[in-house]
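Chemist: Sequence:
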Amino acid sequence: MFRDRFWWSLILSIPVVIFSPMVAHLLGYHLPAFPGSTWIPPVLGTIIFVYGGTPFLKGGWNELKSRQPGMMLLIAMAITVAFVASWVTTLGLGGFDLDFWWELALLVTIMLLGHWLEMRALGAASSALDALAALLPDEAEKVIDGTTRTVAISELVVDDVVLVRAGARVPADGTIIDGAAEFDEAMITGESRPVFRDTGDKVVAGTVATDNTVRIRVEATGGDTALAGIQRMVADAQESSSRAQALADRAAALLFWFALITALITAVVWTIIGSPDDAVVRTVTVLVIACPHALGLAIPLVIAISSERAAKSGVLIKDRMALERMRTIDVVLFDKTGTLTEGAHAVTGVAAAVGV
1 MFRDRFWWSL
11 ILSIPVVIFS
21 PMVAHLLGYH
31 LPAFPGSTWI
41 PPVLGTIIFV
51 YGGTPFLKGG
61 WNELKSRQPG
71 MMLLIAMAIT
81 VAFVASWVTT
91 LGLGGFDLDF
101 WWELALLVTI
111 MLLGHWLEMR
121 ALGAASSALD
131 ALAALLPDEA
141 EKVIDGTTRT
151 VAISELVVDD
161 VVLVRAGARV
171 PADGTIIDGA
181 AEFDEAMITG
191 ESRPVFRDTG
201 DKVVAGTVAT
211 DNTVRIRVEA
221 TGGDTALAGI
231 QRMVADAQES
241 SSRAQALADR
251 AAALLFWFAL
261 ITALITAVVW
271 TIIGSPDDAV
281 VRTVTVLVIA
291 CPHALGLAIP
301 LVIAISSERA
311 AKSGVLIKDR
321 MALERMRTID
331 VVLFDKTGTL
341 TEGAHAVTGV
351 AAAVGV
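In the UniProt record's numbering, the protein residues as written are 1 to 356.
Just so you know, these hints were derived from the structure itself, not from any lab. Computed from a predicted model, the values in this text were never measured in an experiment. Yeah, the Cβ is synthetic: ideal placement off N, Cα and C, and Gly gets one too. Wrong hints could be hidden among the right ones.
Said to hold, decoys possible - Distance windows between CB atoms, simulated:
#	residue 1	residue 2	range
1	Asp130	Gly190	11 to 21 Å
2	Gly274	Gln68	37 to 47 Å
3	Tyr29	Met326	46 to 56 Å
4	Asp4	Gln68	20 to 30 Å
5	Leu26	Asp130	40 to 50 Å
6	Lys336	Gly223	32 to 42 Å
Claimed, not checked - The calculated DSS-like cross-link candidates involving lysine-lysine, where the alpha carbons are at most 27 Å apart (straight line), are:
#	residue 1	residue 2
7	Lys318	Lys202
8	Lys336	Lys318
9	Lys202	Lys336
Full structure from sequences and hints, please.
Modeler: Shown next, in the form of structure tokens:
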């Protein structure tokens, strides 16, 4: 959702900025003039406000209803004030010079970029969840009266006995009651070497019996398995807020009230001075520039980079707060084989021996 809105808003923002009198004055170029050229910023700016600004307007309204002002309400207030003030200027009402079309366009575009990056990071973390879910087989061989019957793993219950053949995945947590095998637990524990499990040992869903066939008595299924617990942990981490996010939300709430109070003081002071026109211009300006561009872009960008790199490296984040505290770590203990090294033999080179 944010990706499409960002790209369309970015494309529409380019002519809005180019045809902005303020930008032309700052950069020292003459505005292209042709019939209808003055209506390019208002028309495209309105499209950007309605299409690109909808997520922020809805989010701001929800924060307003819950009486918890935050980033969304601050953004919604800034773009709404800029939109209304710009149309007042465009239509020549009140004689105010409040052309904020270019600011409105860039503000919406920048905020959409930040939220798109954040959603993309969540998508990368979600792929880790999908990889975990793929560890479970779709079916299991259930032992009934000495024979086996293929059933969906959703049909398994505690105390069922399942047959896991060599090369097959364990469908549920349980205990080996017959046989012994080496199990590949790399996707669960990170250990690359197969682990030997004998009769009476416990095994977890998603691991692979590499060399022998065993019978397992089911002790946990579905959401009660260790694998499901890991999935919940990753999902909870996605929903948890980092310290940076918490600080940003708190700062946005304080900035919202600070902006309102500052705007009110500005209006009162300039009205008392005797310049009601200047009071309107400066009050609107305060409300527009109060929007936190840096908070809206920097925080999601940091989250996106850290989450994506962790997910691509196979690191499952339990708590974002813990991830941020990693900067204070002095010593790290690693299991070398399979972690720092691949744990697999390979031919690295071939050379001919003289005289053989």
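Chemist: Run every hint past the structure and note whether it holds.
Modeler: Cross-check of the supplied hints:
1. A hinted range of 11 to 21 Å for the beta carbons of Asp130 and Gly190 is consistent with their spacing of about 19 Å.
2. Between Gly274 and Gln68, the C-beta spacing of about 39 Å keeps the proposed range 37 to 47 Å intact.
3. In this structure, Tyr29 and Met326 meet the distance hint of 46 to 56 Å, their C-beta atoms being roughly 48 Å apart.
4. Separation of Asp4 from Gln68 is about 28 Å and conforms to the stated range, judged on CB atoms against 20 to 30 Å.
5. For Leu26 and Asp130, the Cβ-Cβ distance of about 48 Å falls inside the hinted range of 40 to 50 Å, so the restraint holds.
6. Take Lys336 and Gly223: their Cβ atoms lie about 34 Å apart, and the range 32 to 42 Å holds.
7. The straight-line distance between the Cα atoms of Lys318 and Lys202 is roughly 24 Å, inside the 27 Å bound, and the hint therefore holds.
8. Only pairs whose Cα atoms come within 27 Å are accepted, and Lys336 paired with Lys318 is accepted, the gap being roughly 22 Å.
9. Proximity of Lys202 to Lys336 is assessed by CA-CA distance (about 25 Å); at most 27 Å being required, the pair is judged to hold.
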